[in-house]
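Engineer: Residues per chain are reported as follows:
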Amino acid sequence: MRNQYICLALLLCAIQSACGLYFHISETERKCFIEEVPDETTVIVNYKVELYDPRSNGFMPSSPGIGMHVEVRDSDDKVILSRVYSSQGRISFTSHTPGEHVICMYSNSTAWFNGAQLRVHLDIQVGEHAIDYANVAQKEKLTELQLRIRQLLDQVEQITKEQNYQRYREERFRHTSESTNSRVLWWSLAQTIVLVCMGFWQMRHLKSFFEAKKLV
Amino acid sequence: MRDEQLINQSSNKNNTSTTRIPTATTNNYNKMTSSKLLIGLLVTTVLMKCAAAVEFTFDLADNAEDCFHEEIKRNTSAYFEFQVSAGGQLDVDVVLKNPEGQVIYSLERATFDSHQFTAETTGVYTACFSNKFSAFSHKIVYVDFQVGEEAALPGVDEHATVLTQMETSSQAIHKALNDILDSQTHHRLREAQGRKRAEDLNQRVMIWSSLETGAIVFIGVLQILILRNFFTDRKPSQTHYGRL
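So the protein sequences, as listed, match chains E and D.
Using full-length UniProt numbering, read the first sequence as starting at 1 and increasing by one per residue.
Using full-length UniProt numbering, read the second sequence as starting at 1 and increasing by one per residue.
Bound-form chain E, shown alone (with noise of 0.2 angstroms):
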């Protein structure tokens, strides 16, 4: 019986990550995602990668040769995440620092494969989405409402971060906006002044010139 536990999970895995949406990628080809998250939340990535079988003309369900390179920068483009996964895996990070988080992804596939089409299974998950409420639920012995309840206030609590992240935005975009208005002010009055140094010197270097020459 406990065998089949372990069947049954392994293949709730396979379905869990083989569904839902896919793309396709050369084995040399990078591709990036950016996910904008407040701080403190959590993003769940699962991926799974098909390699192209050009003797079915299909995807090969299970590729063991191939690894993918995750990588996940933050938004002062610091690196939080540079591993090698394999060809199905689940990445997990919580961010500490508002703002973008690129995520990228690349084969490890030298010129060995080179050409090869990949088909990348991609799930991504933030906040309060990314929470398993069925291992919450059987952890701390919830019942239907108290879990309820548990994913409300997961929600209020992700709507929260979001203002605040939202507030931090917005001051950003006033210093920007000020930034400008500054920036615009200054340099009008600060060309001003090299206009009429400029004019001043010009004036009185052509004056001196001439006299030197003797022409005026």
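Everything labelled a hint here was simulated from the structure, so no lab data went into it.
Worth double-checking, as some hints may not be accurate.
As the list claims (entries may be wrong) - When the alpha-carbon atoms are kept at most 27 angstroms apart in a straight line, the in silico DSS-like pairs for lysine-lysine are as follows: (1) K97(D) - K132(D); (2) K78(E) - K161(E); (3) K175(D) - K161(E); (4) K196(D) - K78(E); (5) K31(E) - K196(D); (6) K175(D) - K141(E); (7) K196(D) - K161(E); (8) K97(D) - K73(D); (9) K139(E) - K175(D); (10) K196(D) - K132(D); (11) K31(E) - K78(E); (12) K31(E) - K132(D); (13) K161(E) - K139(E); (14) K31(E) - K97(D); (15) K175(D) - K73(D).
Said to hold, decoys possible - If we take Cβ atoms under 10 angstroms as the criterion, some of the chain E residues that face chain D in the derived model are: (16) R148; (17) Q158; (18) W186; (19) H205; (20) F209.
Glycine included, every Cβ here is placed at the ideal spot set by N, Cα and C.
Put chain D on the given structure of chain E with help from the hints.
Structural biologist: Structure of chain D alone, referenced to chain E:
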């Protein structure tokens, strides 16, 4: 109150006819053979996990076309939304194709839109974003692709008992919060559009002003040099300028 509960009960029964399969499989666990169990679980997992939504933002390179595929079961409703948040004129060509390759939805040079459709056949639906018309500006595109209904909470909705008022209202709150999250996403994207433009403007003002200052100084010096040249270069024929 009583009527309301009855209605709730009946609607609940209708809604949960598919999702109640997991309880059935677990209850009859011992009676079933392992293969039956496997199939049962396979069906339930497909039912539960395919009803997923995926949201992401990607960078569409210049002159490129990116396609995303999703398998959708027959009679499943799907919701497709996109928004260009940065790059060029904020436009992109969008095409949605059904499994036969027929175009079911297309837009040219659009900034944002959404489309709701119901799958007529089971198969792979393809959404393509094309930037072929743009030679040098890459676009940042946000995509939200929701297929089917949101997966039910485990335990919730699986029972046939009457929903209490507490449960109904908690469900209503859940829906409302989902709407809030969606509209927040929308606003965030709009704000991102504005902010990127403002940052761009800031940069441009900076570069343009420095260039202009450089140009003024350069032209000023050049004028002097040219003028000096007029008077110094032709020394032997300086007599010509005597009349000046």
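Engineer: Each of the hints needs a verdict: does it hold here or not?
Structural biologist: Hint-by-hint comparison with the structure:
1. The suggested pairing of K97(D) with K132(D) holds, with an alpha-carbon distance near 18 angstroms, which does not exceed 27 angstroms.
2. Of the pairs offered as hints, the one joining K78(E) and K161(E) holds, with about 22 angstroms between alpha carbons and a cut-off of 27 angstroms not exceeded.
3. Distance check on the hinted pair: K175(D) and K161(E) sit about 19 angstroms apart at the alpha-carbon level, within 27 angstroms; holds.
4. At roughly 21 angstroms between alpha-carbon atoms, K196(D) and K78(E) fall within 27 angstroms of each other, so this suggested pair holds.
5. For the given pair, K31(E) sits about 22 angstroms from K196(D) by alpha-carbon distance, which is consistent with the 27 angstroms threshold.
6. For the given pair, K175(D) sits about 24 angstroms from K141(E) by alpha-carbon distance, which is consistent with the 27 angstroms threshold.
7. As the CA atoms of K196(D) and K161(E) are separated by approximately 22 angstroms, the hinted pair is consistent with the 27 angstroms bound.
8. Straight-line distance between C-alpha atoms of K97(D) and K73(D) comes to about 15 angstroms, which keeps the hinted pair within the 27 angstroms bound.
9. The straight-line distance between the Cα atoms of K139(E) and K175(D) is roughly 25 angstroms, inside the 27 angstroms bound, and the hint therefore holds.
10. Annotation: proposed proximity of K196(D) to K132(D) holds, straight-line Cα distance about 23 angstroms (limit 27 angstroms).
11. Between K31(E) and K78(E) the CA atoms are separated by roughly 18 angstroms; this keeps the pair inside 27 angstroms, and the hint holds.
12. Distance restraint check for K31(E) and K132(D): the Cα-Cα separation of roughly 18 angstroms lies within the 27 angstroms cut-off, and the hinted pair is therefore satisfied.
13. For the hint pairing K161(E) with K139(E), the CA-to-CA distance comes to about 26 angstroms; that is within 27 angstroms, so the pair holds.
14. Note on K31(E) and K97(D): the hinted pairing holds, with a Cα-Cα distance of about 22 angstroms set against a maximum of 27 angstroms.
15. The hinted pair formed by K175(D) and K73(D) meets the criterion: a straight-line CA distance of about 24 angstroms does not exceed 27 angstroms.
16. Hint status for R148(E): holds, given a least beta-carbon distance of 5 angstroms to chain D, under 10 angstroms.
17. Annotation: Q158(E) was flagged as interfacial toward chain D, and the flag holds, the nearest CB pair being 7 angstroms apart, inside 10 angstroms.
18. With its C-beta approaching chain D no nearer than about 9 angstroms, W186(E) sits inside the 10 angstroms limit, and its interface hint holds.
19. Evaluation of the H205(E) hint against chain D yields a held restraint, the C-beta minimum of about 6 angstroms falling below 10 angstroms.
20. Restraint check, F209(E) versus chain D: the minimum CB separation of about 6 angstroms is within 10 angstroms; hint holds.
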